[in-house]
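From first to last, the protein sequence lines stand for chains G and H. If you use the numbering used here, the first sequence corresponds to residues 2 to 468, in order. If you use the numbering used here, the second sequence corresponds to residues 18 to 316, in order.
All clues given are correct.
Partner residues are not named here, just some residues of chain H that face chain G (Cβ under 10 Å, in silico): (1) N62; (2) G167; (3) S173; (4) W279.
Coverage of chain G stretches by chain H, computed from C-beta distances (three or more under 8 Å per stretch; other residues unrestricted): (5) 89-96; (6) 106-117; (7) 279-288; (8) 422-428; (9) 433-440.
Beyond 12 Å from chain G on every Cβ pair, some chain H residues (computed): (10) S30; (11) F42; (12) V214; (13) M244; (14) Y301; (15) S311.
Simulated from the structure, these hints should not be mistaken for laboratory data. Virtual Cβ for every residue (Gly too), placed ideally from N, Cα, C.
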Amino acid sequence: MRLSKGVVLCMVLVCFVFTAFAFSEEDPLAYYKQAKINWRAYEGEQITVGLNKHPFTESLRPLLPIFEQLTGIKVAYMILPEEEFFEKLLVDLSSGGGIFDVYMTSPMFEWRYQYAGWIEDLNKYWNDPNLTDQEWYNRDDFYEKPLRANMWDGTIGGGLGQGRWNGIPVMVEFFCQAYRNDLREKWGLTVPTTYPELLDTLTKAAELGKQEKPQVYGVANRGIKSWSTVHSGYFTAFSTYGQKDLNPDLTAAINTPEAKEITQIWVDILKKAGPPGWPNYTWYDAKQNFAAGRFYEITDCDFFAATYENPAQSVVAGKVGYALPPAAPNGNITSNMWTWSLGISSLSRHKEAAWLFLLWATASQTMLEGTLKYDNFNPTRKSVWEHPAVVEKTMKWGTRPGEYREIVDAMYAKYGDIRWTPNPDVTTLGDIWAEALHEAYEGKKSVSQALDDAAAKINELMAKWKK
Amino acid sequence: MSTVKYARQSFWSKNIAFFLFLPAFLLTVGILLPFGYSVVMSFTNFNLTAGTSSFIGLGNYIRLAKDPEFWNSLKVTMLFTVGAVAFEVGIGFISAYLLNIGLLGQRVWRTLFLLPIMLPPTVAAIMWKLMMAPIQGVLNYLLQLVGLPGSEWLGSSSTALFSVILIDAYVFIPFAGMIFLAGVQNLPKEPYEAAAVDGVSAWFTFRKLTLPLLKPIILIVLLFRIMDCLKHFDIIYAATKGGPASATMTLSVQAYYHSFRWTDMGYAFAHLVVLWAIVYALSYFLVGQWRKASAEVRT
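From just these sequences and the hints, can you work out the full model?
Written out as structure tokens, the structure is:
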């Protein structure tokens, strides 16, 4: 059969169109090539990244091939659970091992690393025009709080937000209430707005939860013997009551009458409504068990919402409400803040290559992909948090559109900040404090005695920093 | 006059004793050097963060003596050791007998019996931690299936020490059992034949014959397990990190906190020197008892 010229022409045109589509894939490196940076200046080198087992890590890993393709720098990494990660990192830094070129860090640890000379001042690389295109990177795109939290001038007891720049924040977390709205309606409970109300509500929830199959417990909270147990919901409550860890003269302030009052409420919440075996409960347990529907409420990281709202990881997706932390008697609300950041080890033999990694990992495009495709929350760049696709995704979280976003915005604007007093031994102080919470919870000491004894140990600890 | 000619000795034959001794010497120095360093640093205020390392004499040891956490750690270490060793020696001994009486499938049982000791202790601790999780752990599920209440296991100060003892026993009962099995299999037959002829009871045979003959083996097992339990770290740290409320805070875990969490190395070394002294004193005593028991068995 002979085909007409018109039919042949159409077939050729169709083939052209398909071919054009096949070869018009977006270049994943296009965004980075806009920067006036010689990405391939350290081609052939290898860097090792120390990573904590964390959703940010899971968002970074799939993107690493892009960095390798862009720079020709090979990336090796080691992932460890949080407590073990910090201990491994300490051994590496203190022994001079230098395994890690880049590592996940946070302000509380940077205060120790900076004092000991284990972390690089990023200003050196930031101000080097051969390494950095400041205009393209747009540091002003970062929210001020997490960015300045990674800056410290070394003043023990102050100096936050000034001087050395230790890390670039990759995510930020505040501490809010996340609760099962479906159970709240079923049981006729209200969202607590004060801590005594919180105690009352959670105690009722724990009692009502016994009738559910499987049993639903009152509140999930981390409890392992570590500073991190103090850091989250507890320190949020503590600072809401206007309390501090240290006085300006570096003496312990954790045993004031108001501190004892809020600590007593907190311990009562844990005893009456907390998870069984609380002293051995990690944040991994708390997040997973809330997502598995075993708790009425969780007063921990707000960004866990990304897990709760993902039906592939959670049975409570679409059933969770979010609320600010309860207020103090005077109406005050605060939240502690934690930000994971990336820093460069002073022991690294590939510092410039490490800096390129930091630039890439915290660039707007990388962080947008990390958030959109792999759920890295809460983003630390405004352009990411306000990106239409991120807004669309997070608008659905909560009992009404935009409920979760309002809390994060309020935390950034008003309530959230780092509440710890900068000093190199802050995590030791936190460990001692966590032990006091354990002792009070286990009934070994009263709250008052436990905090008084912990304060005495903290005073002993801080004596060397007063000179 | 006769002349005696001696063959010239080569360099190697002149010094062979030295060269044969060299590996043992290097090994001893390799062990003693870090130990000596630890002892020396225990007399300093060596701190990794502050960068200090000045001689402070007995300062760390005086601090230890006044530190209630040190005394608690010492108590927990002793309780853990007594509990774990009692379990391991007792059940190991019974297991050895059961594995020697010719049960059906004895070879299979012996292989299965050894499985726990093939696990790294940290892995065993994590495995048991998951099984002991109060909410989602399988142990509480099984208890509740048969109508028994669940336990908080590692999550309560009243049950945590017992729970870590159970984990340690799970891993090391096979070790004790295998040594006992070797001992039981090598018991001489003649005394038992004589006892059978005399018509003595099994219990009397066990008390007056088996136990004394096995005494050197029992002391060897005690020596190994006591030394290991006194300095035990990995199972406890992986399972509880020394909590809740220091219920499982042994001396080695306490030393770990001071060194790798709080960077107070000098004070950590002082803990370890005290621990070493305890281990050394107990093992010296047990070795002496073992020599005495071995001599008695030979006679």
